[in-house]
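Asks: Starting from the two chains in their separate frames, assemble the complex, guided by the hints.
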Amino acid sequence: MSLAAAAPHGFLSPNGVEIAFLLVGLVTFGAALVTVTTRQLVHAALWLVVTLGGLAVEYLLLTAEFIAWVQVLIYVGSVVVLLLFGLMLTRAPIGRSPDADSGNRWAALAVALAAAAALVWVVVDAFRTTWIDLHGPAAGSTEVTGASLFQNWVLPFEALSVLLLAALVGAIVLSRKAKAETTGTPTVPDARRGRAEKEGAR
Amino acid sequence: MHLAYPAVLSALLFCTGLYGVLARRNAILVLMSVELMLNAVNLNLVAFDVWLSKTARDTLHSGQALTLFTIAIAAAEIGIGLAIVLAVYRNRGTSDIDRLRDTAEGHETDGPDSDAPAAEKAEATA
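Chains as they are written, first to last, in the numbering used here: chain A, 1 to 202; chain B, 1 to 126.
Just chain B, same shape as in the assembly (with noise of 0.2 angstroms):
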């Protein structure tokens, strides 16, 4: 098989992830385009390893091992990031990440917004 072709499929795949990461506006759909990332990067670590493991006498096959090793860190990140997001909703009522702007720099005029996630903790704490 050519080696081009898993190449350019994994690619493609960061490069859907990458737009998934920029324009989506839920912090979990956020998180998918982060899974998609990591799997194409897993793709090219298991074809890369597959090729050289045919043309090097011994490798230490660590395409292979390293891809087992972004699975678990995936879902490690996933845990975390899940439990990010379900405190931010507990908290502010939102999971929505272009309304978490309370360290952004510039004019931002937080009236409504600013009063909004305060009733929703009083209303969490209560």
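If we strip away everything but chain A, and leave its shape as in the complex, we get (with noise of 0.2 angstroms):
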């Protein structure tokens, strides 16, 4: 069961809900501001798994548990290391590297914040007197969430398999070294010798 839809009243009481909400979405934001301007490339990566996982639980409290564990277990499982491996293959440098961010940070501000501003607002005003119903059964349990997804999106499921299939062939195109490149040149041995080293070193 999730953590607001346990019994009549549930594990929390729905101030308690909106509290640690509250309080679980300040932790998230401050660390997605952290992500974007620390200057640790490695650190930034690290305040992702921070936000991923402060997401996760923000999920878990709006009763979506099985988004919940699906977001640890690709984000926070695979993402993040994907993307420290990224980090660590174009050799970023592991202390403070002062260009982290370019010469436009002050246009990137000045938009970020205009569009903060604009999506406040028109959210907060379009949604004011709305609230959302937490109690009764969870609305995003494996049952219901397996029942909908294999009834009403059978066919996009499957669409989205075969885009998985491809984006999995396209990324082993890209990574590997071109062979035309490799093999015309006469000295094709160290050519291949040198490709080897340089997989095996990947």
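Simulated from the structure, these hints should not be mistaken for lab results. All values reported here derive from a predicted model rather than from experimental measurement. Just to be clear, a hint being listed does not mean it is correct.
As the list claims (entries may be wrong) - Chain B is faced by these chain A residues, among others (derived, beta-carbon under 8 angstroms):
no., residue
1, F29
2, L33
3, A45
4, A64
5, L87
6, L89
7, F127
8, V144
9, A167
As the list claims (entries may be wrong) - Sample of chain A residues lacking proximity to chain B, with all beta carbon distances greater than 10 angstroms (derived):
no., residue
10, I94
11, G95
12, R96
Ideal placement from N, C-alpha and C gives every residue a C-beta, glycine not left out.
Replies: Shown next as structure tokens:
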């Protein structure tokens, strides 16, 4: 069962759910801010873990538990590891790098603040009087999500598997070296050996 | 719970990701910011799906299904994006998107910048 809808009143009272949502939301937003502003590249990836984990807790508080565990598995488990691998393979500096932000950061800050003001104003104005009812059965338990996914969303699900296969093949093709360059040279064994060493280093 | 809480949080996270995409210089940090934006959209979808599933009788749970699809597409996107960044790094010796200006218009004096990547590429193919 989820955190909010266990019993008639749940593990947390409605106000408790709101307070927990606010606190976890503050932590999530702060970690996101640190992610986009820190000068240490590896720390940015680690703060991204905090952000994504906080979002998983928010999903749990919204009684969408299957999404929460998928978030933990895919984002925290694999996407951040991929990003850390990417940082290592591009030889990102470990310490502070002074040029992590480009020169147009003030324009970017202005754009982001304007977008945030507009979005928050519109959203608050539109949903001022709307409440989510978190009582009753969980809205996103595994049973409910699986039933709706395999009753109503089967065709997009299968199309998505084809897309994942295409992305897999594309990533493999992109990340191997071009064969025409290496085998076209007269010193084929040297090129092959260099490539093997490079792949081993990778 | 008030619906404005998750909506405002997702708007703020989206704008944080927007700032990161515009202000960061390393390509992998830009990819992280794109992930932040996608996650903001996911939070919105989940919140509105929970709201609709309690107000309407029969729903398709389209918000949560779309969230799962978004997560899968984001995983594919991060794989392809990192493969592209690694290929660019192998060819050009940098993952700094301010220096990848081959298709940029304007008065770009690519004196030292055009020599260094060529040397890197020759070194990489040798």
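Asks: With reference to the structure, classify each hint as holding or not holding.
Replies: Against the structure, the hints come out as follows:
1. Contact between F29 (chain A) and chain B, as hinted, is supported at the beta carbon level, the nearest pair being about 5 angstroms apart and thus within 8 angstroms.
2. The criterion of a C-beta within 8 angstroms of any C-beta in chain B is met by L33 (chain A), whose closest approach is roughly 6 angstroms, and the hint holds.
3. For A45 (chain A), the interface hint holds, the least distance from its beta-carbon to any beta-carbon of chain B being 7 angstroms, beneath 8 angstroms.
4. For the restraint placing A64 (chain A) at the interface with chain B, the shortest Cβ-Cβ distance is roughly 5 angstroms, inside the 8 angstroms limit, so the hint holds.
5. For L87 (chain A), the suggested interface contact is upheld, since its CB lies about 6 angstroms from the closest CB of chain B, less than 8 angstroms.
6. Checking L89 (chain A) against chain B: minimum C-beta separation of about 6 angstroms stays under 8 angstroms; hint holds.
7. Because the beta carbon of F127 (chain A) sits about 5 angstroms from the nearest beta carbon in chain B, less than 8 angstroms, this interface hint is met.
8. Using the Cβ-Cβ criterion of 8 angstroms, the hint placing V144 (chain A) at the interface with chain B is satisfied: the shortest such distance is roughly 7 angstroms.
9. Given hint, A167 (chain A) at the interface with chain B, holds; its Cβ is 4 angstroms from that chain's nearest Cβ, closer than 8 angstroms.
10. Its beta-carbon lying about 13 angstroms from the closest one in chain B, I94 (chain A) satisfies the requirement of being farther than 10 angstroms from that chain.
11. With a least beta-carbon separation of about 14 angstroms from chain B, G95 (chain A) lies farther than 10 angstroms from that chain, consistent with its non-interface assignment.
12. No beta-carbon of chain B is positioned within 10 angstroms of the beta-carbon of R96 (chain A); the least distance is around 13 angstroms.
Checked against the numbered hints above, the structure violates none of them.
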